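**Q** Next come the chains, spelled out residue by residue.
Protein chains: 2
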Amino acid sequence: MKAEIVSVGTELLLGQIADTDAQHLGQLLPQLGIAHTNRQTVGDNLQRLADALRLALSRSDIVFTIGGLGPTQDDLTREGIAAALGDVLVKDDDLEANLHRIFRERRFAWVESQLRQAMRPTCSVPIANPNGTAPGLICEKDGKVVIALPGPRGEFVPMADGPVRDYLARLATGGVIVSRLLRTCGIGEGIVEDKIKDLLSSENPTIAPYAKIGEVHLRITSHAPSREEAESLIDPMEAEVRARLGAAVYGLDDVALEEVVLRQLRALGSTLAVAESCTGGGLGARITSVAGASDVFVGGIVSYANEVKEGILGVDSALFAESGPGAVSDECARQMAERVRDKFGATFGVSITGIAGPSGGSEQKPVGTVYVAVAAPDGVHSEHYRFRASREGVRERSVQSALVLLRAALA
Amino acid sequence: MKAEIVSVGTELLLGQIADTDAQHLGQLLPQLGIAHTNRQTVGDNLQRLADALRLALSRSDIVFTIGGLGPTQDDLTREGIAAALGDVLVKDDDLEANLHRIFRERRFAWVESQLRQAMRPTCSVPIANPNGTAPGLICEKDGKVVIALPGPRGEFVPMADGPVRDYLARLATGGVIVSRLLRTCGIGEGIVEDKIKDLLSSENPTIAPYAKIGEVHLRITSHAPSREEAESLIDPMEAEVRARLGAAVYGLDDVALEEVVLRQLRALGSTLAVAESCTGGGLGARITSVAGASDVFVGGIVSYANEVKEGILGVDSALFAESGPGAVSDECARQMAERVRDKFGATFGVSITGIAGPSGGSEQKPVGTVYVAVAAPDGVHSEHYRFRASREGVRERSVQSALVLLRAALA
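Protein sequences, first through last, are from chains A and B. For the first sequence, the working numbering assigns the number 362 to the initial residue and increments by one for each residue that follows. For the second sequence, the working numbering assigns the number 362 to the initial residue and increments by one for each residue that follows.
No lab work stands behind these hints: they were computed from the structure. Computed from a predicted structure; not experimentally measured. It is possible that some hints are incorrect.
One copy or any two copies: either way a pair holds, since identical chains are not told apart in the list.
As the list claims (entries may be wrong) - Quick list of in silico lysine to aspartate or glutamate cross-link-like pairs, DMTMM-like style, CA-CA up to 25 Å:
| id | residue 1 | residue 2 |
| --- | --- | --- |
| 1 | Lys726 | Glu668 |
| 2 | Lys726 | Asp656 |
| 3 | Lys726 | Glu671 |
| 4 | Lys556 | Glu372 |
| 5 | Lys505 | Asp412 |
| 6 | Lys573 | Glu372 |
| 7 | Lys573 | Glu753 |
| 8 | Lys704 | Glu671 |
| 9 | Lys704 | Asp677 |
Chain A on its own, in the form it takes in the complex (with noise of 0.2 Å):
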């Protein structure tokens, strides 16, 4: 079974935005069993669309549309499918009603333009978008199946992974199509993936590496004739990926290193707070991403001059000394977290203290060297790196790697 996908848009072609919902659907396709070899984009024009689709109904037994489906003179996906598929558009009541129910819930005022969101091609079935009021469209036809998908990133993924991958999963099996992504942390790509070679080759369920930074998830895939019996073929291989990657498996689907970790302390009933040097506030700004932090997290101090770490924090003058080893040391990160746990009477401190670069590297100390720690009530813990990579993206690393020490530290 092949599909194609036609983007629609001329803020896609002027590059006004990146067409995150193609790359979206590209990573699903796959997961499907579906192969997906061209892809499309089009103007709001059309013409071009109908010529576009024309071509990729002549190639492909599924073909996606995303965007066009709006109220305005400029949402032609519509129509460019009926003038493709040689159909035309009828008025949908129940469409109707619908957008008149929501229009009144959202206390808008009503426009005649928004009727346009009611048409169909007769061929069509409409799909639920509780996220907006373009309904998304399956339309079938001589053999051929055209997909209509809502550009609006909030309403195209909830309207891609729910009922049109169960559509797909029956289309492309019979049954359904179940995956679960297992992630994990603190441990390399390369050993992952030694770890589990011979599994990779593994049909029903397969197994698929993702490397991200400081992480590797794992997408294990499964088809079968009910979501049961797909579970149910998963479960064995997350039990075996899990024999063989122990504790470095942190977390399922989305749930973030973060949440986990807000998670485990929330469980010990402890809080945290954070101390940072290069990094900034990033730490303390990626933890707070999780809305309901404020239970465990308490705060924190970025003490980006020594004089903060010395004069804020506390940490012991000695250490800056001439013959001291200085703020980017095993030693300075230790007191930073033992000092931030002090200070803020937490449970926990975490720290991290480097040399983000692109200048202010030595030859004992490159740019990319960094130390975190983690005082825990049994004792300090601690880690040092040496990344190489952009300023961002030591900075990116420096976080990661302290959520995974404090990870394992609560472990």
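Given the coordinates of chain A, work out where chain B should sit on it, guided by the hints.
**A** Relative to the frame of chain A, chain B by itself:
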């Protein structure tokens, strides 16, 4: 003149990377007055690539390929272009010598497959690639042009913005095209457009607005026989925009707002400390994303919990009493800015306190309510906002607003 982009790479179809190169080129073409109505993406397959190029050549004057120029068997763009143009590949001795030189200098082991990168269609001229091994190619045949660009971003962007831009400018106008970006902050997109409405129809130079989070950028683009003449067309337009928008214009081209603020502080011989609540360290992280921030930025306190605002920062406890204004208030923001300034001995203190959501809002203080303050030697400046955005969006806008307020206080 009409162009079309053909992006090459199975990793693009699979969504492993976003097609930011095509996005970049999509932004460049309209600056050069070149229309662009279709884009195609194909995997690493010779037949499909040649088909895509033939289709593109049938409807466009200039066709760009992005990617597929490397040394591996998967890199098929050279072969695809030759096939589509009815040309053949020949080995270019200069390119071969250059490859050997690069390998010698980098002390990499030579492998014969690298020689693929010395092959080019007979109708082509190579474009030097100072950032990689694969040259770009400009192929001119039968009144059509195919321009092949390497995919890695660090090679693509300098080549597109440098020699390719110059080539296209000569092709499109017989001269050069120059553009300048005016960056504004603290003024809404609607107001900017209203103030320069009559300028938007100017043809040489053109001017086009781009809205960002808390900023509006204006790109002024001109064409003329020489760079000097093109610049002299831009100068009066820039002066006119500055006269109308006044202090809202904060910088040119790729200078970020945080860089401008750091320069202002440096020029005054001043230092800066920050106190953050809902942004959790995001303001400090953004400021320290600029290399060399350490001569101005001393550090800060992340006072996420009220106990930290009171105990560490020294904010008056009466604020948090039943009858007090609470942590999300103008008074609290002002005290946070003053206390962090005093405590860190900095010239300026900046604070942010607010409700990032998605929960924690009330009728009086809905999610998105944010207070920002700047404590300066001449007193405290403050502002409050009601952002309608996601948690991430509220936090980003809060950081941006703090920088805008600080810039105004420093002016």
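**Q** Evaluate each hint against the coordinates.
**A** Evaluation of the provided hints:
1. Lys726 to Glu668: Close inside one copy (21 Å), not across copies (38 Å); limit 25 Å.
2. Lys726 to Asp656: Cα proximity of Lys726 and Asp656: across copies only (20 Å, versus 37 Å in one copy).
3. Lys726 to Glu671: within (21 Å within a copy, 38 Å between copies)
4. Lys556 to Glu372: between (44 Å within a copy, 24 Å between copies)
5. Lys505 to Asp412: Both: 16 Å inside a copy, 22 Å across copies.
6. Lys573 to Glu372: between (29 Å within a copy, 15 Å between copies)
7. Lys573 to Glu753: So Lys573 and Glu753 pass the 25 Å test inside a copy (15 Å) and across (21 Å) alike.
8. Lys704 to Glu671: Both. Shortest intra-copy (13 Å) and inter-copy (13 Å) distances satisfy the 25 Å Cα cut-off.
9. Lys704 to Asp677: both (15 Å within a copy, 18 Å between copies)
The structure shown violates none of the earlier numbered hints.
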